[in-house]
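Enquirer: As they're listed, the protein sequences go chains A and B.
The first sequence begins at 105 in this note's numbering and counts up one residue at a time.
The second sequence begins at 54 in this note's numbering and counts up one residue at a time.
None of these hints come from the bench; they were simulated from the model.
Each hint should be verified, as a subset may be incorrect.
[Claimed, not checked] Listed below are several chain A residues computed to face chain B (Cβ distance under 8 Å; list not exhaustive): (1) G121; (2) Y373; (3) Y429; (4) F432.
No experiment lies behind these values; they were computed from the predicted model shown.
In this text, a Cβ means the ideal position worked out from N, Cα and C, and glycines have one as well.
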Amino acid sequence: MSETNKLTVSASPHIKGFSTVTGIMLDVIIALIPAAFAGVAVFGVKAALVIAVCIISCVAFEALSRKIMKRHSTVGDLSAVVTGLLLAFNLPVDIPLWMCVAGSAVAIVVVKQFFGGIGQNFANPALTARIVLLVSFAGAMTSFSQPSSAAVDAVAGATPLAHLSALDLDGNITLQLKQLIADGELPSLLHMFFGVRQGCIGEVCSVALILGAVYLVARGVIKLSIPVFYIGSVAVFMLIVSGFNIYYTAYEILGGGLLLGAFFMATDYTTSPINKKGKIVFGIGCGLLTCIIRLYCSVPEGVSYSILLMNIACPLIEKITAPGYFGFTKEKKVKKEKAV
Amino acid sequence: MSRLRPGAILKAVAKGSGGVFVEHHKITAESQTVRIPVPEKVTLPMLQHIGVPCTPTVKVGDRVFVGQVIGDSDKFLSVPVHASVSGTVVSVSDTTLANGKTAPAVTVESDGKMTPFYGIVPPVITDKASFIKALRKSGLVGLGGAGFPAYIKLNTPDDKPIDTLIVNAAECEPFITVDYRECIENSWDIMGGVYSLAEILGIKNVIIAIEDNKPQAIQVLKAIADKDNAHGDAVKLMTLKSKYPQGAEKMMVLSATGRKVPEGKLPADVGCIVLNVGSVAFISRYLKTGKPLISRTVTVSGDCVKNPMNVRVPIGTSIKDIIDFCGGFTDEPYKILSGGPMMGTAIVNTDVPLLKNNNAVLAFSKNSSVLKPERDCIRCGRCHEACPMGLIPTQIKKYALANDADTLKKCGISVCMECGSCAYSCPAGKPLVQYMRLAKDVVSKAGAKK
Chain A
105 MSETNKLTVS ASPHIKGFST VTGIMLDVII ALIPAAFAGV AVFGVKAALV IAVCIISCVA
165 FEALSRKIMK RHSTVGDLSA VVTGLLLAFN LPVDIPLWMC VAGSAVAIVV VKQFFGGIGQ
225 NFANPALTAR IVLLVSFAGA MTSFSQPSSA AVDAVAGATP LAHLSALDLD GNITLQLKQL
285 IADGELPSLL HMFFGVRQGC IGEVCSVALI LGAVYLVARG VIKLSIPVFY IGSVAVFMLI
345 VSGFNIYYTA YEILGGGLLL GAFFMATDYT TSPINKKGKI VFGIGCGLLT CIIRLYCSVP
405 EGVSYSILLM NIACPLIEKI TAPGYFGFTK EKKVKKEKAV
Chain B
54 MSRLRPGAIL KAVAKGSGGV FVEHHKITAE SQTVRIPVPE KVTLPMLQHI GVPCTPTVKV
114 GDRVFVGQVI GDSDKFLSVP VHASVSGTVV SVSDTTLANG KTAPAVTVES DGKMTPFYGI
174 VPPVITDKAS FIKALRKSGL VGLGGAGFPA YIKLNTPDDK PIDTLIVNAA ECEPFITVDY
234 RECIENSWDI MGGVYSLAEI LGIKNVIIAI EDNKPQAIQV LKAIADKDNA HGDAVKLMTL
294 KSKYPQGAEK MMVLSATGRK VPEGKLPADV GCIVLNVGSV AFISRYLKTG KPLISRTVTV
354 SGDCVKNPMN VRVPIGTSIK DIIDFCGGFT DEPYKILSGG PMMGTAIVNT DVPLLKNNNA
414 VLAFSKNSSV LKPERDCIRC GRCHEACPMG LIPTQIKKYA LANDADTLKK CGISVCMECG
474 SCAYSCPAGK PLVQYMRLAK DVVSKAGAKK
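Bound-form chain A, shown alone (with noise of 0.2 Å):
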């Protein structure tokens, strides 16, 4: 029975699904891609030049870090190019280039290898770097030049989420924006959206990321409950305080990182709930805090913030929401009816 020998036992399933690890972020990578192109477009070359020294070194301190730590490598799953692409678009276009490495050492060798690697961080890797840069370098990271295109001659150097928070709510806010628009200070709704803006290289072009989100759905890359519950919230919530001012709300939607954070970034795998009931907290609660931390904090801008704190509630978001499995609620329910 030579044969007999050489047959291999393993554990079932004896099939497996085609979805790979390399696949998932492969199809991240497909989605940013024209937000990556808008960025280029909108800001030029410079930012291409931002985003290869992110992807590059990002890849590279991965690679060097398993190395140095004697584990097997992890550059085939793609995850650090996807890191890379990510903090690139969270940085301001005239950023020097050595900032966008130290960014990536920080994601890389700090947010993720630190804590084991690939599934294993608690915060998202491209979002800390940000914010570890917006703390170091306060002055060029929040320094945003102008659209290159000439579609624009806007002068000021505040972005749009700016101009909004400094507007007085219990006023005629639709006035005072279509001031500001006059004065070419704000660029147009339709602006905001096509991306000509200021703004960071991947926040910009809002048609951009709503297209690779579109995209990702689709793949079943991800679900719609995170980015729903937090836009959603965000816009709800603006709506109150703006008095139902729809103009308004539209520009916080689309105005910062709010598209970029909530499709790409909040829903970043490991670091947000695995389950259903949490995802729909966790949108919810990055909704409030990017809300609060716009409105009555002393920066502009709160997405990173309100997506890194969430992320760090995350196990306890997952604990509380923890998902009753098939037979489980129905016991409960009987004896709800019996004390009834």
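Could you slot chain B onto chain A? The hints should help.
Expert: For chain B alone, kept in the frame of chain A given last:
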């Protein structure tokens, strides 16, 4: 239900969450069942059911006939084993089964005559009790795969009234076409079984449930259900979405009736009995002839088998003989499965006997069975989405490795049926079913300590 026009096909009333879409690979669907020539010898293990092994009642040198009892037990959870060929007992000793367990077995060398045992007579059924008694004698276990003694399943206590009999023809495992062939080839037996069971057990509703990817079988079963609409309205055909694991008992009850079987309970607790279509057809044949369970149909398939087909085989025939009958291997087999690719067992050796509950023998070449390499978990949650029981396998894996029995119990590990949906959908290629088994082991060991 009575408002339905006669002959209408029901749609599933509830949708289970989770599950995965697997490729069907039902390549043997149109292959008519062929009877294998009488094997030279059969090995009949005393443990072919969930429960207590039987004790051999014959000794070496005895002459046995087809259908003669060769092993029995007075314990509750067991059914007798019958000789599947006529001939001489050549050994009574321990043997290794396909699943790795060891059990005593009786090996019979066939005389090639298949002489029936003179004591075979159709059972006399007067009421439920006599039916259950007869059913035990038939040696029937669930033919769908689990191998639970059928007489225990049908012997529901009086305080648990059963209103629905679900005939399970879903056959959600890829490759296997045994139930499909049963529907097409033995529709009379199915019909007879359905009506006998409904009458004997006093069941008002019968639902024949089948996945919607088997139109030909649906047509045949619809004729059975239509027949009934002329008389009353008891038998209904229901098509279910072809989504693995649709044929799992709890999923089936949920889809067909909208009822959820609570943790640790049986379908009978919510008024349902689920029987495999093959078992139903067998019961009908048994009531007519009294011939116990001595042979069954298996699907022999996979890319390594020369002529994939459905064969009727005496229980206890070695898997090697079955594969040889199907033309042998085309290529060097890398993996041979007893059962389907989602829940079947990989066997080490083709020299193991076919059991009552084996519905397939699948042989795969290296190309089709090398799985993706294991990587780190990225917490994508696909295992949770795929789990029909709503568990979070990746968390259970962690608690299992941490030996945390209490948390595992709270996570609901006991409802896991090891369907494999989690491991199938895992992009990191984690052997999650293995971790689930480890988790169950952790819980049972902790329970044993207390």
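Enquirer: Now tell me, hint by hint, if it's right for this structure.
Expert: Evaluation of the provided hints:
no., hint, result
1, G121, "holds, 5 Å"
2, Y373, "holds, 4 Å"
3, Y429, "holds, 4 Å"
4, F432, "holds, 6 Å"
Comparing the model with each numbered hint stated earlier shows that all of them hold.
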